[in-house]
Amino acid sequence: DVKVTQSSRYLVKRTGEKVFLECVQDMDHENMFWYRQDPGLGLRLIYFSYDVKMKEKGDIPEGYSVSREKKERFSLILESASTNQTSMYLCASSLGQYGQPQHFGDGTRLSIL
Amino acid sequence: SQQGEEDPQALSIQEGENATMNCSYKTSINNLQWYRQNSGRGLVHLILIRSNEREKHSGRLRVTLDTSKKSSSLLITASRAADTASYFCATDAGTASKLTFGTGTRLQVTL
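Going line by line, the protein sequences match chains Z and S.
Quick note on numbering: the first sequence equals residues 1 to 113 in the working numbering.
Quick note on numbering: the second sequence equals residues 1001 to 1111 in the working numbering.
Worth flagging that the hints you see were computed from the coordinates, not collected in a lab.
Treat the hints with caution; some may be incorrect.
To be verified - Counterexamples of contact, computed for chain Z against chain S with all Cβ distances above 10 Å: (1) G16; (2) V52; (3) S65; (4) K71; (5) A92; (6) Q102; (7) G105; (8) R109.
As the list claims (entries may be wrong) - Ranges of calculated distance between the beta carbons of each label pair, as one might list FRET restraints: (9) L1111(S) <-> S80(Z): 45 to 51 Å; (10) R1060(S) <-> L41(Z): 25 to 31 Å; (11) T1064(S) <-> E69(Z): 41 to 47 Å; (12) S7(Z) <-> G1016(S): 36 to 42 Å; (13) E69(Z) <-> G1016(S): 28 to 34 Å; (14) H1057(S) <-> S67(Z): 37 to 43 Å.
Beta carbons: idealized from backbone N, C-alpha and C, even for Gly.
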């Protein structure tokens, strides 16, 4: 079974801090994704990566950046955290072909105070 | 941007009953997928139906796809309390490896 591991289940940070969310997958998947999930809005794609050192913006990239130095690890960075970034963050991975099922981690519930 | 819209937003049924939830989308797709999310957890892939398929079964799950109406339905037969979760449809438009998720249906199955 594919395992996608997010480094923290719950995280509390202060406004203005630089925040790192880490995600690791163990199935050699080419694609990795970061979403945020908010009530009534469903999942919205922040960034995705289809290969090491490659990244593409999703629907809501503002205020975020990503890093993928190794195939198994995809990091989401909040450069200067703001209260409107309080949310559930979900990481996922999939094989490289189009339309493959995505495998999700359990999420990080991030609160910015 | 939201591609899929689930209907209803919330559904409450008793154990043993069938649950039907619907998904509508806007653009042409290669395939449509359904996912389940238990409270406080990540999403789990349930089933994938390709654009050239009309119906697919997996255990107690039955998915239909009508590309002319740009809609899909997920039927869960003989529901159990453990089916209580949120269910999301996701579409693949074939332009990249990404999926576009709907806003989900919250299903409550009571004893």
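Right, here's what the structure says about each hint:
With a minimum CB-CB distance of about 28 Å to chain S, G16(Z) clears the 10 Å threshold, and the non-interface call stands. With a closest Cβ-Cβ approach of about 15 Å to chain S, V52(Z) is found to remain outside the 10 Å limit, as its non-interface label requires. Chain S leaves S65(Z) outside its interface by the beta-carbon criterion, the shortest separation being 18 Å against a cut-off of 10 Å. The beta carbon of K71(Z) sits about 15 Å from the closest Cβ of chain S, which is more than 10 Å, so the claim that it is off the interface holds.
Remark: the non-interface label on A92(Z) conflicts with the geometry, its nearest Cβ contact in chain S lying 8 Å away (cut-off 10 Å). Chain S draws Q102(Z) into its interface by the beta-carbon criterion, the shortest separation being 6 Å against a cut-off of 10 Å. For G105(Z), the requirement that its beta carbon stay farther than 10 Å from each beta carbon of chain S is not met, with the minimum near 5 Å. Non-interface call for R109(Z) relative to chain S: violated, since the shortest CB-CB distance, roughly 8 Å, does not exceed 10 Å.
Distance hint check for L1111(S) and S80(Z): the Cβ-Cβ separation is about 48 Å, which falls inside the suggested range of 45 to 51 Å. Take R1060(S) and L41(Z): their Cβ atoms lie about 29 Å apart, and the range 25 to 31 Å holds. For T1064(S) and E69(Z), the hinted distance range of 41 to 47 Å is satisfied, since their beta carbons lie about 43 Å from each other. In this structure the hint that S7(Z) and G1016(S) lie 36 to 42 Å apart at CB holds, the actual value being about 41 Å.
Between E69(Z) and G1016(S), the C-beta spacing of about 51 Å breaks the proposed range 28 to 34 Å. A hinted range of 37 to 43 Å for the beta carbons of H1057(S) and S67(Z) is consistent with their spacing of about 42 Å.
Checked against the numbered hints given earlier, this structure breaks hints 5, 6, 7, 8, 13; the rest are met.
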